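Undergrad: Read top to bottom, the protein sequences are chains A and B.
With the first letter of the first sequence counted as 1, position 3 gets the number 3 in my numbering; the numbers rise by one all the way through.
With the first letter of the second sequence counted as 1, position 198 gets the number 198 in my numbering; the numbers rise by one all the way through.
Calculated from the structure, these hints are not laboratory results.
Warning: the hint list may mix true and false statements.
DSSO-like cross-link-like pairs, simulated, lysine-lysine; straight-line CA separation at most 30 angstroms [unchecked claim]:
(1) K319/B to K12/A
(2) K5/A to K38/B
(3) K38/B to K69/A
(4) K30/B to K69/A
(5) K58/A to K251/B
(6) K160/B to K58/A
(7) K311/B to K160/B
(8) K12/A to K38/B
(9) K30/B to K36/A
(10) K12/A to K30/B
(11) K38/B to K72/A
(12) K72/A to K45/B
(13) K36/A to K45/B
(14) K30/B to K5/A
(15) K257/B to K36/A
(16) K257/B to K319/B
(17) K12/A to K72/A
Given the structure is predicted, the values throughout are model-derived calculations rather than measurements.
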Amino acid sequence: MIFDKVAQIIAKVAHCNIQDVKPESELTALGVDSLKAITVIFEIEETFDVEIPNEAIKSIVTVSDILDKLDKLINQDESH
Amino acid sequence: MQSLDNNLDVLLAKAEIFSPDSSAMLLQEKSLARYLEKEYRSYLKNPISLQSTGISTDKGPIMDQTDDLMKTHYDESIELFMGFLDTRYRAYTMAYYGETGDDEISLEEAQLNKFKLISQRAQIKGHENILNIGCGFGSLETYLLDKYPDIHITGITPSKVQINYLKKHMQDRSHPLSSGFTLIEDVFDESITEKLGLSQYDLVISIGVFEQLLNMKAMLALIAKLLKPDGRTFHHFITSQVTTPHVRLDKKTVIGKYFPGGRIWPHDEFSRHTDHLDLVNTWFVNGKNYLRTLNEWHHRYWNSVPLLYEKGFNIETIKYWNDYFLLCKAMFSPLDGAFYGNSHYLFTMKR
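Kindly produce the complete structure, drawing on both the sequences and the hints.
TA: Given below as structure tokens:
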């Protein structure tokens, strides 16, 4: 569910095929440059109602990295 | 908005070059602004000193990398600048839309208001001998010479594109630049006193130039040499509320690639340099004014893209400048324009 939504966002921002978006995919290989990465994070923040710190963006390389961070943020939110 | 011809439209879409009002561009602008807002909040929360960035304000040349800057930016084709600047003054600096940047006026009116504000703050009376460092397309000169027939203004620029424009208008008898204006085709450094003489000017002014200033102390010492004993100096340039780690605009930074060699100084820094001059006042002009100006420039630029393409701009260059407006807008918009804006400084000779 979370992966599907993230994949949709990446495909929309990078104008790539959604089938190419896999957890292990590197964002740059999907056409997500640094400017587009900021847009991807913005869309994720809007969709999941979370705030991803800028420092975290710098360490994101793969789709999995986004999913891990998102998972932590959502769980953190639920535990509060 | 003017529609682009079909072929160009396809090429732009393929290269992901979007109009300023497209949903893709608005999304990019909004997301970048949010990213930057988080950065600005962290700068405000954890202030750093200018010394910690390793940047000095009293060492080295007055300005640097002028050739690179001209080549990269100011000597781009005249059609580019004429396509997006206001039609009257051709002013390539922030226009003034009122204290909060919200006045419902045109770019042309807002540029006029900027010159009115500067004239008032620089205490221009109308009979002075003025030196304008970095005169651009003669926008301040056009405003002042139109208003004050007794004023004399000397403008300096090293830009070939600006010099050609100025020379053309100086020969046009109906244009304010045709009388009372002297053009100096040069860079502004210590050797300029040979051309300008000492103690000649009532007012030395700069608008949107000291983003290239490296050595504040040497600059103000040089200006003091050029001023008459009762002279004054006024400067307008982009500043930040507090020091950021990105004071130096090197080519690795998104804005630095457009302005190599530049600096964005914290607002308080310039006013500390009172070795040679006395500070009279400083002002911070809200960055929403620059956001509005850039937005208007962006739309005008977009409308001029078909002409630029016809004149030989390739798709890559069109994207380069389209991104420029996007990045600059995102830079000024966070925190309601309170973080990056323009500062004004007025100094007088020591008495």
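Undergrad: Could you run down the list of hints and mark each one as holding or not?
TA: Evaluation of the provided hints:
no. : hint             : result
1   : K319/B to K12/A  : holds (20 angstroms)
2   : K5/A to K38/B    : holds (24 angstroms)
3   : K38/B to K69/A   : holds (18 angstroms)
4   : K30/B to K69/A   : holds (22 angstroms)
5   : K58/A to K251/B  : holds (19 angstroms)
6   : K160/B to K58/A  : violated (41 angstroms)
7   : K311/B to K160/B : holds (19 angstroms)
8   : K12/A to K38/B   : holds (24 angstroms)
9   : K30/B to K36/A   : holds (12 angstroms)
10  : K12/A to K30/B   : holds (16 angstroms)
11  : K38/B to K72/A   : holds (20 angstroms)
12  : K72/A to K45/B   : holds (25 angstroms)
13  : K36/A to K45/B   : holds (27 angstroms)
14  : K30/B to K5/A    : holds (20 angstroms)
15  : K257/B to K36/A  : holds (18 angstroms)
16  : K257/B to K319/B : holds (14 angstroms)
17  : K12/A to K72/A   : holds (24 angstroms)
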